[in-house]
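Q: These are the residues of each chain, in order.
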Amino acid sequence: MKSARIWEQGYELRRRLLRGFFLRRGSHADDAEDLAQEVYLRLLRRSDDDAEAIANPEGYLFAVAANLAREHARTQSARPPLDDVDLLAEVLKSEEDIEGEFEQVQRWSDIRGAIARLPATTRRVMELHYREGVECLQISAQLDVSVHMVRKHIGKGLEACRQALGTREGA
Amino acid sequence: MNSDTTDCMNGSVAEQGVQWFLINRDGALSDVQRRAFLAWLRRSPEHVRAYLRALDLHRQVGEAMPAASSDLLEGMLAEAGARRPTAKVVPLFAKNVAGNAVPTRRGRRRWAALAAAACVVLVLGASLSRLWPQEQVLTAGHGELRELVLADRTQVRLNADSAIRVRMGWIGRQVELLRGEASFDVAPDRRAFEVQVGELRVRDIGTVFDVSRRLQNTRIGVVSGEVEVWRGDSDQQRLARLVAGRVVLVDNDTGAVQPLDMPASMLLDWQHRKVSFLDERLDEVAAAFNRHNRVQVVIEDDAAAAMRLSGSLDADRIVALQAFLARDPRFKVQRRGDTVHVHSR
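Chains as they are written, first to last, in this note's numbering: chain A, 1 to 171; chain B, 1 to 345.
In short, the hints are calculated from the structure, not lab data.
Treat each hint with caution, since some may be false.
Said to hold, decoys possible - Pairwise CB distance ranges (calculated): (1) B/ASP302 with A/ARG45: 25 to 35 angstroms; (2) B/GLY172 with A/MET149: 50 to 60 angstroms; (3) A/ARG45 with B/VAL149: 30 to 40 angstroms; (4) A/LEU143 with B/VAL32: 54 to 64 angstroms; (5) A/VAL145 with B/VAL32: 46 to 56 angstroms; (6) A/LEU143 with B/GLU226: 47 to 57 angstroms.
Note that CB positions come from ideal geometry on N, CA and C, so glycine has one too.
Here chain A stands alone, though its shape is the one from the complex:
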């Protein structure tokens, strides 16, 4: 469960980081795009036998993204270099203000609507996972389906949400 723990530790930072990636609009949209591209390119630059990347690919992905965001914040605002992660999180948090409360309520409503329209089992899995906080393994035992199927249901549910959100954004 090592990676799960790492996941929890870094979650708050990642959450803010990702808002930075996906909330930027207007003139910042291209910058956000560049960031995603650069994350990829830095991943590529590492050799295949990079121990750090292989030990925890996801953690590694976010470490790269965090570094980039840090550099980005530095070049954008001409602020002094950010050495500490908390400070970085603060900078990125300000990005969240770009999205208004109204948009957030709309998004939530779109997501709930999409979940309500799912087939019964998929809907049940989504509710157990996201509303009741039940892990995939437990859902698998509770509903007597394989963990793999549980993930498939969640994947299906998230895809429906993604499409509902995409329609609104006209993406």
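Add chain B to chain A, keeping to what the hints say.
A: Leaving out everything else, chain B in the frame of chain A:
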């Protein structure tokens, strides 16, 4: 757990991203899975984005579904046909590549000409055509990507603003890259297949490879199989033998071979109208974009031309390139009409 990994390779990139994300959340990836996940991430920027989006989506859904009794929703109906097929990753040289298949007017004329030529060949008889080397110049216009099948069934993709001369002879199959860039998926045949770029000759041994004729050098990348790179006409000299995955630059003047640490698959990004560059000179980056766009990027001084940068952008998004360069403190960027001028600071 292996079946999970295998299944992740199905579905759209977005769906794969979600599946990988969920597997990661459950913790405890096996060694095989970790490597497979890393390899998946490295396939394209779209894969990285798909993963980040999956995370973002997961977070949003978590926020939108506050803890409450799920019984309220139980029994609510409305079966949704919400799923619609989404784009899949197109494998290299897939048989049906939408977008490239649309014939341009020029393309149609060319096909008509080819058809006419085919009729003439029929009249003359097949044996004569085998003995007589046929020469053709095939071009892709500015901003146009072309997919062609040569007489030997070799598949060629031409980048925008590129041209090749093809000679199918009795003993050999020769292609000269006159300008630009092309990828070859060479059909097996008893005749050798050779791509000539200036003084360089790239000899194939059953292969998919990409050749780009650039400002200072020629770039050769091998996706599968093996090629040999030769130089000179009379006193031929073998410069390199490249196996799958290898990418090299060959200097136009000296013939010096420099290995590049980049995946060969990245060289084919142009086939999806993407320009990807890894630690690349700015003048080469500008040339790669200029093939595709009316708006031209002009590098105004040598210092700027020699500066190196990395990125991956849609070929038609000059605005993104402009923003990308403007963000770099080494450059001064000005747009006047259809020209983007880049100076060093």
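Q: Would you mind marking each hint as holding or not holding in the structure?
A: Status of each hint after checking the structure:
{"no.": "1", "hint": "B/ASP302 with A/ARG45: 25 to 35 angstroms", "result": "holds (26 angstroms)"}
{"no.": "2", "hint": "B/GLY172 with A/MET149: 50 to 60 angstroms", "result": "holds (56 angstroms)"}
{"no.": "3", "hint": "A/ARG45 with B/VAL149: 30 to 40 angstroms", "result": "holds (36 angstroms)"}
{"no.": "4", "hint": "A/LEU143 with B/VAL32: 54 to 64 angstroms", "result": "violated (28 angstroms)"}
{"no.": "5", "hint": "A/VAL145 with B/VAL32: 46 to 56 angstroms", "result": "violated (24 angstroms)"}
{"no.": "6", "hint": "A/LEU143 with B/GLU226: 47 to 57 angstroms", "result": "holds (52 angstroms)"}
Hints 4, 5 from the earlier list are contradicted by this structure; the remaining hints agree with it.
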